[in-house]
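Chemist: Okay, here's what each chain looks like letter by letter:
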Amino acid sequence: MKKIVCACSYENPEGTQLCAQCGRPLTKEDEEKKVVDMRYDGTAIRSKTYKTSFIDRIWNFFSSVKVGVSLIVITLVLAAIGTFLPQIMFVSVPPGMETIDVYEEKYGFFGKAYYVLGFSNIYASWWFQTIVGMLAVSIIIASLDRGIPLYKALKHQRVRRHASFMKRQRLVSETVEDEKQAAETFELAEQTLKSMRYHVKREQGALLAEKGRFSRFGPYINHVGLIIFISGVMLRLMPGFYVDESLWVREGETTAIPGVEGYYIKNNQFILETYDEKDLKGQDSERVEQAINTRAKNYQTDVTLYKEDGTPLAGDTADLQKIGQYSIQVNKPLKYDGFALYQTDFKQDELKTMTFDLVNKTSKKSLGQITIDLRNPKKEYVINKQTKVALQKYYPDFTEFKDGEPQTASSIPNNPAFIFKMITPEQPKGETSFVAIRQTLEPFGETTYKMKFQSVETRDASNLTVRKDKTLPILLVGGIIFMIGVTMGSYWSHRRIWLQRTEDGRVLLAAHTNKNWFSMKKDVSEVCTSAHLTDYHDQLEEREKQ
Amino acid sequence: MNLLDLSGTLLLIAFIAYLLAILLFGGAIRHKQRDVSTSNKHWGNAAMVVTIIGFISNVLYFITRWIYAEHAPVSNMFEFATAFGMFIVGAFLIMYWMYRLATLGIVALSIAVLLIAFASMFPSDVTPLIPALKSYWLTIHVITTVIGEAILAMSAVAGLVYLLKTVSFKKPSKERFWLEVVMYSLVVVIGFVVVTAIFSSMHYDAEFSYIDTEQQQVEIAYNTPPLFGMHESRALTPERMQPLMDMPASINAKKLTTVVWSFIVGTILYGLLRLFCRKPLAQVVQPLVKQTNITLMDEIGYRAVLIGFPVFTLGALVFAMIWAQEAWTRFWAWDPKEVWALITWLFYAAFLHLRLSKGWEGKKSAWLAVIGFAIIMFNFVAVNLIIAGLHSYAE
Amino acid sequence: MQRKRKRLFIRSIILAVLVAAISYTVYVTATGGSKKVVKEGDQAPNFVLTDLNGKKHQLSDYKGRGVLLNFWGTWCPPCKKEMPALNEAYKAFEDKGVQVISINIAQSDFEVRDFVSSYGLDFPMTIDQTKSVMRAYNVDQLPATFLIDSKGKIKRILTYGITEKEFKQYMESIQP
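Protein chains in written order, with our numbering: chain D, 101 to 646; chain V, 542 to 936; chain R, 8 to 183.
Do not rely on the hints blindly, as some may be mistaken.
Unchecked claim - When the alpha-carbon atoms are kept at most 25 angstroms apart in a straight line, the in silico DMTMM-like pairs for lysine to aspartate or glutamate are as follows: (1) 378/D with 546/V; (2) 206/D with 546/V; (3) 160/R with 204/D; (4) 831/V with 638/D; (5) 133/D with 840/V; (6) 452/D with 497/D; (7) 87/R with 101/R; (8) 904/V with 132/D; (9) 206/D with 840/V; (10) 452/D with 116/R; (11) 87/R with 497/D; (12) 158/R with 361/D; (13) 134/D with 840/V; (14) 479/D with 531/D.
Because the hints were derived from the structure by calculation, they are not lab data. Source: prediction; values computed, not measured.
Next comes chain D alone, as it looks inside the complex (with noise of 0.2 angstroms):
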């Protein structure tokens, strides 16, 4: 490894801009600058340091900031593109359509494109994923690079730099002094940094004032909790870390929740509110006025959670413990053992039981009425000894006839159908009668009795996400940090005032800081007037104005 060997003799690694013993400028290019640059305290950054294998170009490729900087807008476009229209999961495509055509129908032929292109599904995309694994890898590298010889430099600072690392900072001064006067202005220095809060370092005729360093670290702290951020994301995507699963409950049922072992949930009942006039208090406006009743105040599954007792098997229903009785609102969900129930969806008005009056056709006297549980239906209804009616097939979702046999769409009772035999005194061996919604068949003949159709009661029926995501502390630790860092590192400045007397008199005073100079100035001015000594100069603004 090539050494730079600096006047003060010290040996510097190959890419050090300033000394690290004495601060002398140690390239011809920091010589020439009147201020010089102060942002790695001159280390020298390990990429820049090594060029030889395959391995070392890819490290210094990620080190770079101009690459990590390009990575971050590459992002950012890529975010922006996957604006324009909305995302796959927000479109809803019919069933038998093609999602392809969907975009085309609804945005042409830019929609068509989009979709061709990946667009429409960009943030899954294995191409988007790389790019931001590689600002991962980036912001990794990049802090390793900088962050560790940076804690060095900086934990082996040297009271005394020389005169040249001193004029060249942004903020100095120079004033003639003999070597009682200059004892005295040291003291005094002290005292006023001291009561500024600066650690004050001395050593034989030089002094260094520091404030705030671990704010130079901020950015580190930042970036390791972005990583722990990222890798929590990441390991999401490991089975067992990440639950997210739905189900629908109706009213009085009770159901496993999917991707939580042993647990089972009770719908007892589901609740929407509307808002009323009472809420909007008097305010006079159309638009007011159009929400009453329309717009939804409230969201609400009333649940029981249940857990089996013991090592969960499936279908064993016989020893669950109630847990509790639960409301889910939505922005309320339910948590219980690390997951979560979200009140995601709902349908109103779910056929539940149907009221059918057995009537006489010609005398249309009734004979009683039977109520048939459309989750759960008797074989037999008996109204008395010699009448009742006998079920024979049930269609909960009757669609159409298919070879004679009626079909049945779900298990849903959206469009309920039945065969009735009704067993009256008349006709004690029974008819039968075909009865679906707004449609009776007699396929063996004309019937002297129908089923009248009377009545119905309906239910609701929930649709709850289950959600359970491992991750969740690991991403609150990762987010934590990274507030810590970013604070530290923007809330605080790293300010440093060095003193020293040179041989020939002169007392030289120089001041950094890597942010707030208006703040450093006020420091330094303080300094300067208490200690007698000549007011600083800016050299950056005396730079601009010329």
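Take the given structure of chain D and dock chains V and R to it, following the hints.
Modeler: Okay, now just chains V and R, sitting in the frame of chain D:
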């Protein structure tokens, strides 16, 4: 007078106070001495007193409306824009307390005044919240975000002052052109306010029926004369202007009409101003910033980003994720508004890296600050009005 | 020189770990997420259900025998179509150590009994009222047939209507 009327009056007082303060700040700058901390006392102090009165009134508006509505007044376009204006003034007050610079006031208050005027073009009645928005996390998330954005906006204010001072108007350049574009876009906002105010004072109302993307026939009411019609529109109100052309279903022609009207009126206004002043608007306002210390302005711009960035991160990302986890079942849903918050965040992250590691200071930094504000405004206006998502306030 | 080699070594390791993590992420998202699913080769989740005759069937009790699970519903045409075939296959393999358990998805007792009697089915018929068995097996499409060997491992998962010949072949494959 009920609380809502009171809160409306307070907002009006704040608006007038801000306008007055702009004029007073103009005086303060004109009489300014070289030294920063001992600026012309009379004008400067008067301007600050008026600004503070306005700000107090503005805060009282916010509080009274909150009490009346029983939810934080940040739930629709009107409320959000006024809150943004209020917090920009708040951010300016902090910056003034730190740096005592009147030049910032002129630009910051102008932006606040424009925002409040913009807000008042939207319906201001209190509507009850839908269940998804009922959460104290939402309140925390939105208010923190607006505060963060207001502080970030101060960096654009400083950047604009920096550019007005440093860009040369002597010969045409890209910089000069883009600076004028910034001025023009401010005039377009005035155009929007003017056109909306004129037609609403005339009670302009034209109803149409049209076919939406789901092939349903629906109705829509225009409050400005329809330049563009909705998809296959038919007029329901007789004796009103017919649209010049119909738009496909995926484009909301009503909003497009408003935007185009704003540009037409804004452009006319801009043309009149140019005729009247006989030079670019940026050059017209340049004397106001003549005495500015640009190194200090650069530092203020940078500090505003440093102060605003953590607040923005906390509000727009951290609190947003916590709320989303409660309300939408997942902390991140790639909703357009959310994505644009991420874009804003990435942009300012890039800003900080470029400044820290690539030494992008001065003009480059100032331009980035102005672009950052443009992104914030895009997220606020365009994403709300054009890209409908879970966050859309537009109804 | 040694420091240099050490550095190269550390860098290679860090890069390799990062590349592996990113590739895994991209791969998992590309192949459709991380949902925990029951796959062929997995241990079949244990369950207990009561059939229409009141007899309890617990999967673990059938260790040493092959088990064919058939999830179905009356609204699903291929389910209905394969039932007679399954019944024939059941009769052929009942004494050869292959148990058939049919699981209806949360329909009413009436519908299932009616179906069983009109199709004349002989194998044990159960109803998964709470859908817990269905969820344990991640059944999202009917019919679904699971072939479980004598060690309790899932050998095949079939999600289409099956013919009698095929049923017999599959049963043979799980015959102990």
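Chemist: For every hint, state whether the structure bears it out.
Modeler: We went through each hint and held it up to the structure:
1. 378/D with 546/V: 18 angstroms, holds
2. 206/D with 546/V: Given that 25 angstroms is the threshold and the Cα spacing comes to 44 angstroms, the pair is violated.
3. 160/R with 204/D: 47 angstroms, violated
4. 831/V with 638/D: 21 angstroms, holds
5. 133/D with 840/V: Cα-Cα ~21 angstroms, so holds.
6. 452/D with 497/D: 13 angstroms, holds
7. 87/R with 101/R: 21 angstroms, holds
8. 904/V with 132/D: Roughly 24 angstroms separates the two Cα atoms, so the pair holds.
9. 206/D with 840/V: 49 angstroms, violated
10. 452/D with 116/R: This hinted pair holds, its Cα atoms lying about 16 angstroms apart.
11. 87/R with 497/D: 16 angstroms, holds
12. 158/R with 361/D: 23 angstroms, holds
13. 134/D with 840/V: Judged against 25 angstroms, a Cα distance of about 20 angstroms means the pair holds.
14. 479/D with 531/D: 16 angstroms, holds
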